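**Student:** Quick note, the sequences are listed as chains A and B, same order. So the first sequence is residues 1 to 302, counted in the numbering used here. So the second sequence is residues 1 to 302, counted in the numbering used here.
Please note that a few of the clues may not be correct.
No copy labels: a pair is met if it fits in one copy or bridges any two.
To be verified - Keeping only pairs whose Cα atoms sit at most 27 Å apart, straight-line, the calculated BS3-like set for lysine-lysine is:
| no. | residue 1 | residue 2 |
| --- | --- | --- |
| 1 | K295 | K258 |
| 2 | K115 | K91 |
| 3 | K227 | K258 |
| 4 | K237 | K75 |
| 5 | K237 | K115 |
It is worth saying that the hints were derived from the structure and are not from the lab. As the structure is a prediction and not an experimental result, all values here were calculated from the model.
Number of protein chains: 2
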Amino acid sequence: MDNQIVKSVAVIGLGSMGMGAAKSCVRAGLDVYGIDLNPMALETLDHFGAKGVSTDAKQFAPLLDAVLLLVINAKQVTSILFDSGLAENLKPNTAVMVSATISAQDAQQIDAELKKHGLLMLDAPVSGGAVKAEAGEMTIMAAGSSAAFTKLAPVLDATAAKVYNIGEAIGLGATVKIIHQLLAGVHIAAGAEAMALAARAQIPLDVMYEVVTNAAGNSWMFENRMKHVVDGDYTPKSMVDIFVKDLNLVADTAQDFKFPLPLASTALNMFTAASNAGFGKEDDSAVIKIFDGIKLPGMEES
Amino acid sequence: MDNQIVKSVAVIGLGSMGMGAAKSCVRAGLDVYGIDLNPMALETLDHFGAKGVSTDAKQFAPLLDAVLLLVINAKQVTSILFDSGLAENLKPNTAVMVSATISAQDAQQIDAELKKHGLLMLDAPVSGGAVKAEAGEMTIMAAGSSAAFTKLAPVLDATAAKVYNIGEAIGLGATVKIIHQLLAGVHIAAGAEAMALAARAQIPLDVMYEVVTNAAGNSWMFENRMKHVVDGDYTPKSMVDIFVKDLNLVADTAQDFKFPLPLASTALNMFTAASNAGFGKEDDSAVIKIFDGIKLPGMEES
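Could you build the full structure based on these sequences and the hints that come with them?
**Tutor:** Put into structure tokens, the structure is as follows:
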């Protein structure tokens with residue numbers, strides 16, 4: 001059984017979440033190999049105690065028991081695993097944890113490809129933000145075989161405060177994350193719509209924020225993102241274009257299931273309008289800028 | 001100055017919020033007169049220590065320093081104050097706190113009528129639910145003159161944990177409450193939409209609920225109302241028809257300000273469809289029943 005235990009893991013994608021996860025694996029005593037295109041990120045992880053860092057994972061393939069992918073989308077996942085030749089060089093039964101936000105269909109296609117190479121997949125999107133990742137306290141919503149869960153236990157233990165086992169079928173993890181993003185996106189857009197109406201009605205936005213965050217109309221996203229509107233600071237923590245992407249994944253999921261989503265489709269239109277108006281790279285709270293005829297903190301009246 | 005201090009208050013409308021507020025006023029040592037059409041509610045408050053109870057407020061009018069209205073809508077407020085002859089029998093400078101959820105326009109019309117009788121108005125919607133009301137810990141969002149705030153201070157102290165002074169202009173309190181209800185209504189409808197999609201995708205709803213309530217997609221309403229869906233219990237805490245009413249007030253407000261509200265108008269359509277399908281008197285979480293082709297806890301597949 002000892003050969004089932006993961007001792008070495010490559011963390012691919014050292015952004016805010018990936019870097020935190022990689023450091024958490026180092027702290028847990030795993031042999032960590034860090035992969036990113038950004039040399040600064042590689043240097044940071046190298047100094048933190050990685051066994052190796054590189055822009056290309058393939059060279060480490062024979063050394064790995066597990067791979068954790070924390071990249072942006074399905075295209076990056078398939079490019080790294082299959083186009084660059086990583087998958088064909090991994091040892092059989094290496095466990096591949098795919099933590100990008102992707103569609104269930106993409107998750108299933110990736111799983112089919114991995115199976116051809118004798119590899120295990122965990123469909124395991126994450127949530128929690130950079131601070132939780134750094135603390136090894138991500139929330140992971142995972143689907144896969146018990147073999148994949150067992151093999152990845154040391155990586156899950158090192159990186160997560162909560163691991164939800166959604167089921168065996170690859171795609172369930174992806175779907176739970178997408179439904180979560182439906183709520184997150186609608187809540188940001190609803191917060192923006194409410195604060196825009198408050199601005200129009202001459203309600204001081206700091207008072208409106210204070211009332212809502214102390215009452216039943218509050219949401220995690222309202223409290224976090226509408227603070228940026230009150231402060232007039234649209235420095236991106238997470239960008240408008242991320243929700244254009246994620247709410248399009250929601251729309252694809254609705255299409256696959258032939259299911260109507262009146263609010264999510266409306267929120268997608270709002271984020272798409274914001275991106276189209278030039279706010280795609282601003283903080284996602286900048287979706288409020290689609291509303292004309294109001295004066296927001298830090299802005300001239302439009 | 002002593003004649004400015006409120007010693008006696010009539011609480012009109014002894015529902016879940018009004019009864020709690022009335023008891024809180026009794027506990028604070030005020031002379032409380034309770035008014036409702038329901039004899040059971042009158043008996044309860046009588047035993048709790050009211051100075052007087054009745055189905056008609058007019059008989060107590062000369063004894064009152066203040067009136068607190070916790071009824072359903074503007075029609076009830078105007079009927080009680082003006083059609084039944086209460087206002088014309090109150091002493092000059094009696095303070096009238098209007099805590100129904102009503103439009104800004106209605107608040108302004110009520111204020112104009114009260115002024116004709118030499119009465120003070122506080123435009124003071126509340127939030128917090130029955131438990132908070134019982135504890136004397138409502139959230140009150142109030143607008144009015146400093147004379148009205150000063151005169152009502154003993155009542156505000158007795159009933160509220162937080163009092164937000166939105167400004168002098170009557171209507172601002174009503175508008176803040178309406179914007180709060182925009183968020184509350186959209187969040188319930190969004191929770192229903194997300195849980196309906198989860199049901200369609202064969203995600204166990206208790207797992208979906210657990211993931212969301214531990215992640216950034218959570219809202220106060222999701223956590224509170226989607227529990228009813230997980231339990232399959234649509235016993236009304238607050239009814240679908242309340243949000244048909246409140247989101248129609250949101251729509252009226254949007255019309256007054258000539259302001260687009262893409263999400264609130266969508267949520268209004270969802271609650272209206274639910275009411276139209278026969279679920280108006282069920283818990284507001286029953287808005288999920290507008291989605292066909294899913295199996296929910298406690299229900300057969302539709």
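**Student:** Would you mind marking each hint as holding or not holding in the structure?
**Tutor:** Hints, verified against the model:
| no. | hint | verdict |
| --- | --- | --- |
| 1 | K295 with K258 | between (40 Å within a copy, 15 Å between copies) |
| 2 | K115 with K91 | within (12 Å within a copy, 84 Å between copies) |
| 3 | K227 with K258 | between (36 Å within a copy, 26 Å between copies) |
| 4 | K237 with K75 | within (23 Å within a copy, 46 Å between copies) |
| 5 | K237 with K115 | neither (36 Å within a copy, 50 Å between copies) |
Of the numbered hints listed earlier, the single one contradicted by the structure is hint 5.
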